[in-house]
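**Student:** The opening position of the sequence shown corresponds to residue 1 in our numbering, with each subsequent residue numbered one higher.
Hints are not guaranteed to be accurate.
To be verified - Pairs of lysine-lysine, DSS-like flavour, derived with a Cα cap of 27 Å: (1) 17 x 57; (2) 131 x 56; (3) 58 x 17; (4) 57 x 15.
Just so you know, the hints here were simulated from the structure itself, not pulled from any lab data.
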Amino acid sequence: MEFYEVIETRRSVRKYKNTQIPDDVLNRVLNAARIAPSGSNRQPWRFIVIRDEERKKKMAQLCHHQLIIAQAPVLIVGCGKNIHYNRGEWMGDYSVIVDVAIAFDHLTLAARAEGLGTCWIGSFDNEGIKKYLEIPDDVNVVALTPLGYPENESVFSPVVDRLPLEQIIYYEKWENK
Numbered sequence: 001m002e003f004y005e006v007i008e009t010r011r012s013v014r015k016y017k018n019t020q021i022p023d024d025v026l027n028r029v030l031n032a033a034r035i036a037p038s039g040s041n042r043q044p045w046r047f048i049v050i051r052d053e054e055r056k057k058k059m060a061q062l063c064h065h066q067l068i069i070a071q072a073p074v075l076i077v078g079c080g081k082n083i084h085y086n087r088g089e090w091m092g093d094y095s096v097i098v099d100v101a102i103a104f105d106h107l108t109l110a111a112r113a114e115g116l117g118t119c120w121i122g123s124f125d126n127e128g129i130k131k132y133l134e135i136p137d138d139v140n141v142v143a144l145t146p147l148g149y150p151e152n153e154s155v156f157s158p159v160v161d162r163l164p165l166e167q168i169i170y171y172e173k174w175e176n177k
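From just these sequences and the hints, can you work out the full model?
**Tutor:** In structure tokens:
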């Protein structure tokens, strides 16, 4: 699939087929996250892949009862290890979130290229998930996504509800428009 088609048709998928993802496909998607860039090449990301049905159901509860998490064949939990390296003044410890988000975005785009759907989940009980998945104290959950083949592939239609470039791009300085 051509790159711009991937980014133009990547959508949040909320209904999945009960079709398992072949290991080679899953590994390509995970590898896309692995090779993402990070500040000072810190690579603070870690990913937990969950396939167990009961574990996914519990995770759905810890994500404020977002049941789509349990419907997909795979759930991926994107975590960030805070290594307390301030490379950008006010960014400080927040840079780990940016780094993990870049890797997670690589993952979601690779999934789309493979015909898989994702849905970026940002509403969750971090401490509850950390306890349930035995995540160390210096690591936090940044995002989760169900991963699977969409129930209906028409969900991958091109985007239509985005602001036009002239409303979001400024040249040389901020402009009040």
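**Student:** Against each hint, give a clear statement of whether it holds in the structure.
**Tutor:** Hint check:
no., hint, in the structure
1, 17 x 57, "holds, 16 Å"
2, 131 x 56, "holds, 15 Å"
3, 58 x 17, "holds, 20 Å"
4, 57 x 15, "holds, 15 Å"
The structure meets every hint from the earlier list without exception.
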